[in-house]
Amino acid sequence: MGLNIKPLADRVLVEPAAAETTTASGIIIPDTAKEKPQKGTVVAIGTGKKDEPLTVQVGDTVLYGKYSGSELKLEGNDYLIMRESDILAII
Amino acid sequence: MGLNIKPLADRVLVEPAAAETTTASGIIIPDTAKEKPQKGTVVAIGTGKKDEPLTVQVGDTVLYGKYSGSELKLEGNDYLIMRESDILAII
Amino acid sequence: MGLNIKPLADRVLVEPAAAETTTASGIIIPDTAKEKPQKGTVVAIGTGKKDEPLTVQVGDTVLYGKYSGSELKLEGNDYLIMRESDILAII
Amino acid sequence: MGLNIKPLADRVLVEPAAAETTTASGIIIPDTAKEKPQKGTVVAIGTGKKDEPLTVQVGDTVLYGKYSGSELKLEGNDYLIMRESDILAII
Amino acid sequence: MGLNIKPLADRVLVEPAAAETTTASGIIIPDTAKEKPQKGTVVAIGTGKKDEPLTVQVGDTVLYGKYSGSELKLEGNDYLIMRESDILAII
Amino acid sequence: MGLNIKPLADRVLVEPAAAETTTASGIIIPDTAKEKPQKGTVVAIGTGKKDEPLTVQVGDTVLYGKYSGSELKLEGNDYLIMRESDILAII
Amino acid sequence: MGLNIKPLADRVLVEPAAAETTTASGIIIPDTAKEKPQKGTVVAIGTGKKDEPLTVQVGDTVLYGKYSGSELKLEGNDYLIMRESDILAII
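Chains as they are written, first to last, in the numbering used here: chain A, 1 to 91; chain B, 1 to 91; chain C, 1 to 91; chain D, 1 to 91; chain E, 1 to 91; chain F, 1 to 91; chain G, 1 to 91.
Looking at chain A on its own, in the form it has when it is part of the complex (with noise of 0.2 Å):
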């Protein structure tokens, strides 16, 4: 696709997982009033903090929390911009 964007210092691109109750892995999204993070793929990051680079790589699967991040639309897909620290876990 090569998408031209660079996120800025710690900041990560995420396109979100269209909403599902059950993926192939088998990780379901829990339904209460808690937050409940959500999963999506990592497509662009940044070059990290002074003395920090970012442990996310491009193509990783991840989980972060429901309001992190900013909406942007790109090409007609829909993304996430967040801060890495947003992000919960590679999966």
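By construction, these hints were calculated from the structure, which means they are not laboratory data. There could be a bad hint or two in this list.
If you want a taste of the chain D side facing chain A, the calculated C-beta under 8 Å gives, among others [to be verified]: (1) Ile5; (2) Pro37; (3) Glu52; (4) Gly65; (5) Ala89; (6) Ile90.
Beta carbons are placed, not taken as given, at the ideal position from N, Cα and C, and that holds for glycine.
Assemble the complex: chain A is given as a structure, and chains B, C, D, E, F and G must be docked to it using the hints.
Okay, now just chains B, C, D, E, F and G, sitting in the frame of chain A:
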């Protein structure tokens, strides 16, 4: 079981113990208005923050605050992902 | 007694003294609107934070703020787990 | 054009792109309740903070949060002056 | 008197002076709406924080803010335990 | 004029420009709901903070946020005293 | 006069100037809704914080924010005790 999940930085994945009033080791979670610690088992840990490796290890039984962490379901089980600083003690 | 619990980092497990109006050493917790320190015995301590070992030791009688810590029951007794910074003084 | 303005420290002067629903490169700013990134061109930059030179350069097209920066008019045009940390990505 | 109490870290035990309108040295606590400093005698001090020994000493007469510290009774007398940073001046 | 005032640390004394809708250099302060930068001339500066000398100099024309600083009158003129971090740009 | 008071750390004892509309040096405290700096004379200073000696000296005439410091009466006069960072400028 071999869960395929890598918590980021100082995050820890905990499998909560089933609700109970008395455990084998005699711990009772009191039912009062104050914040009540919860019990669970560590199933995955992050790599820690720069210069601060984690203290808890996979397999530890831990106590944590009632509202700590984010819920997620993984292969049909409920887990919580939280920062190590949300963990009060290893029992 | 040999409690099997390891508080994390700078946390301390305290067994609160029974409610009383006058203690053997003459301490009376006044009944006013201001925050009242409470008294208890340290029964387990963490390993401290990086470069900051703990000051209190197991067996110390300590004063702490009224709303400090989280309650837990262990082998039938009530305890509080709190950060050492919640402890005001050793008496 | 030669604007005679020197943003201080980590501040950046941005000329916002005209409101649009679809750009040449296909970026669409979605119309939802979440914070929407905006697009603009960097026209002047500060000298950075101590030991932290700026990453963006004059001429970069950048995305920034909807409520970032202070408005000012300069030689008849509208600009925003904001901190580099308000900039999400270079596109 | 030999009070058996060790304030922790940067905490100081103060015996408040009796309420008065004019002291021997002429200090009058004004009765206005602004925060009024109070006067007392330091009776016990902590060991200070890392690399920061305390400045006040046992026996110093000090001024402190009206709402500083926690009250406690010890051998029949009222005391306040507060951080040294709550102390405004030695008089 | 020789104002006899020494701002402390990172503070700067600014003489605000008269209210205007268009300046000689074409700057127009827009009249919208967003925070509007103001313009003025630096007439005195502090010595900076430890290891951080100031960037602005006496005589610089600067832009600053609408609610920055404290007003004072000196020899019949109105001034604002503010921290250098309240200054957005030199024009 | 020889006031017997030692402000702690970065605190400064200031004797406020009498309320006035125009001073000898022409300073007029404007009567508007914005925070208005006040004027006074430094009569005692602390020893500063670690590695940060104070800048103001006993005898300096200073401007400070309207709500800075705590009031106290000493030998019949009104004083304010405040942190040096509450002082805006030396005049």
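Comparing the hints with the structure gives:
1. Ile5: violated (22 Å)
2. Pro37: Holds. Min distance 5 Å.
3. Glu52: holds (7 Å)
4. Gly65: holds (6 Å)
5. Ala89: holds (5 Å)
6. Ile90: holds (5 Å)
Comparing the model with each numbered hint stated earlier shows that hint 1 is the single one that does not hold.
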